[in-house]
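Asks: Below, each chain spelled out in residue letters.
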Amino acid sequence: MNDVLIPAAENKNSLRLPLKPLGKVLAVTSGKGGVGKTFVSANLAAALARRGHRVLVLDADLGLANLDVVLNLHPKITLHDVFTGKARLEDAILPAPGGFSVLLAGSGMVEYSRLTTEVRDEFLRIIGSLVPRYDVVLMDTGAGISDVVLFAVSLASEVLMVATPEPTSLTDAYATIKVLVGQQLRQTVRLIVNQSTRPGSGQAITNQLQQVLDRFVATDPGHPIQLLHLGDIPVDPEVRQAIMRRQLMMQHTPDCPAGKAIAQLARTLEKTVIPKPA
Amino acid sequence: MILTLQYQFITFAVARIPDSSPFSLHSLKLDDACALLQHDAQNIEQEADEPDAAYLQRLIDGLCELSLKDPLTGLNNRRHFCSVLERSIDIVARSGESVLLLLLDIDRFKSINDSHGHLAGDQVLREIARCLARCLRPMDTIARYGGEEFAIILPNCQPVFGLAVAERIRKTVAAHTIPVSPLLSLQVTISIGGAYAPEWVRSTTDLWIERADKQLYRAKSRGRDQVCLDQPRELSVSAEEKGLLFGHLLMDEAGTRENAPSDAPKWENA
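As you go down the protein sequences, you meet chains U and W in turn.
Here the numbering used here = 1-based position in the first sequence + 1.
Here the numbering used here = 1-based position in the second sequence + 1278.
Be a bit skeptical, because a hint or two may be false.
Said to hold, decoys possible - Examples of chain W residues lying across from chain U (beta carbon under 7 Å, computed):
(1) Leu1350
(2) Val1402
(3) Glu1405
(4) Val1515
(5) Phe1524
In case anyone wonders, no lab produced these hints; they're calculated from the structure.
In this text the structure is predicted, and so the values were computed from the model without any measurement.
By construction, the Cβ of each residue, glycine as well, lies at the ideal position given by its N, Cα and C atoms.
The following block holds chain U by itself, in its conformation from the complex (with noise of 0.2 Å):
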C-alpha cells in the first residue's frame, strides 16, 4: 500500500482528531430500513461507472452487510478479514457486475457494530487507502443514526439519503438529517427518493422537509441547511424482478424507467459533486 492516504502506524493518534470529510467518498444512508440503499448504492455505481469513473462501494453497514446479496457475489475475503488482519486490503476488494469495485463487509462483522477506538482506527485507514485508488467512493451504510452509521457518513464528503414517501420513511429521513446538522454541522444533505409514484413528487417532498427544516431545526440564520432534490426513482416492476434475480438492473435493463432515473441521478452528480472523468 504504497498511496496510503493517512500513514496508518506512525500517526495512529492524529486519527483521533476531529474526523474531516474525505473528498469523494459519498456515503448512501437513510433514516429507516428497507427503503434501497443496497439498491441504489449498487445501481449508481455502474451508472457512474459506465460514464468512465473508477468507482468502489464499500459495505459499510456492518452489522448488516447485504450488498453481497443484491450483486449475487460470495466473497472468500471479505473487510473482516482485513479488519482482522487475516488479508491485505487490496485481497478484498472484488470486481463487481457493472464494472466498478466492491469492498464486502462479511457477516463475520456483526462483532464489529460496536464502534470502539480500534474500529474507527481500522475503518479510516481503510477509507484512507481506498480515496486515492477511486474516482468515487460510495459507502453504503446502515440506515438510522447508530454509533457506526453516523461514524461511516461523518467520513463523507457528501451524503445521498434515501427515502421512499411513505410517512415513516420520512420522518425517519428528516430525524436523521437533524441528527446530522446537529452532530456533524452538515449543512448540505441530497435527497433520493426512491419508488416515486408521480413525476415531481420527489421535489415536492424535497420542499416540504426543507420547509419543516427551516422551521425547527436551521433556526440560525447563519447556519441554513440546504436539503438538495438529486433525484427521484419511480416504481417499476423491473427494479423487483432485478432485486429477486439478483442481477444487476443497471447491466440487464438499463433502459427501464428507474434504470433511466438511476443513469439521470449519476449525471446529475456529475454536475454537481464529482469531476467529469478524466
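Given chain U, put chain W in place with the hints provided.
Replies: Below, chain W alone, put in the same frame as chain U:
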C-alpha cells in the same frame, strides 16, 4: 419396516442382557437424572410397555426442560432468557420490529428475608413470578434473571406503548397481596428498567442488558416502585413537525384527483 424390526431387536436384546451390553439402562447410571426429575415432580418410572429408547428420550426431554427452568419460581432461567434475547436481536436487526427488554427488581427484598425469614422470601418470589406471568402475552418471555430480579422480553411492542405496558406490570404487582403465612400477608413493590433494542442495527445482548440495567438503577435511585425506560436517541420528531412533514401527502392526493384526467400531472409546490 426393517428398521423397526431391528430397533425392536435391539431393545429386546438390551432388556434381556442388562449388564453385558453397553446399551443397558443400568450401565447408563441414570440415578442422578432420575433424582433431579423426581425432585421436579416428574414421572420417572419406566412404563411397563415403554421401550427403552422412548423412556430415555423422555428422561432427556425432562432434563432439557429442567435445564431451562428456574426451580423456585418455575419461570425460565437465565440460560433460556439469554438465548431468547440473542434471537430477538437477530429479529430486530433484520425486521426492525420493536422489542422491549424489561428488568424488574423487587424493592427492599433483603428486608423481607431479614424480618420474615427465607421461606417467606421464597414465597414472595413465587407469588411475584406468578403475578408477572399473568400480566404477559403468550409470545412474551419471562425469566428469573437473578436473586430477586426478573427479566421480560416483549416482542412486537411499539415504543409508544412501552411505558404503559411496564406501568401496568408495576401496578399489578403493587396491588397484589402475598400471603406468606396464615397470619401474615405482604405487599411488595418492584422497580422496572427497560430498553428497546436498536432497530435495524445489530447490537449485542450485553449492550442491550446494560442499557436496561442503567434504567433499573435510575428507577431505584429515584425512590423505587417506578418505571424508567431508555429513551431512544432518534424519533425526536414532534407532532407539530410531523404535521408539517406530511402536508405534501394530502396535497399530493388532492393533486392526483384534480389532475386525474390530464396525461402528465404536474404539481408545483405551493
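Asks: Confirm or reject each hint.
Replies: Hints, one by one, checked against the model:
| no. | hint | in the structure |
| --- | --- | --- |
| 1 | Leu1350 | violated, 35 Å |
| 2 | Val1402 | violated, 38 Å |
| 3 | Glu1405 | violated, 39 Å |
| 4 | Val1515 | holds, 5 Å |
| 5 | Phe1524 | holds, 5 Å |
Violation of the numbered hints given earlier is confined to hints 1, 2, 3; the remaining hints are satisfied by the structure.
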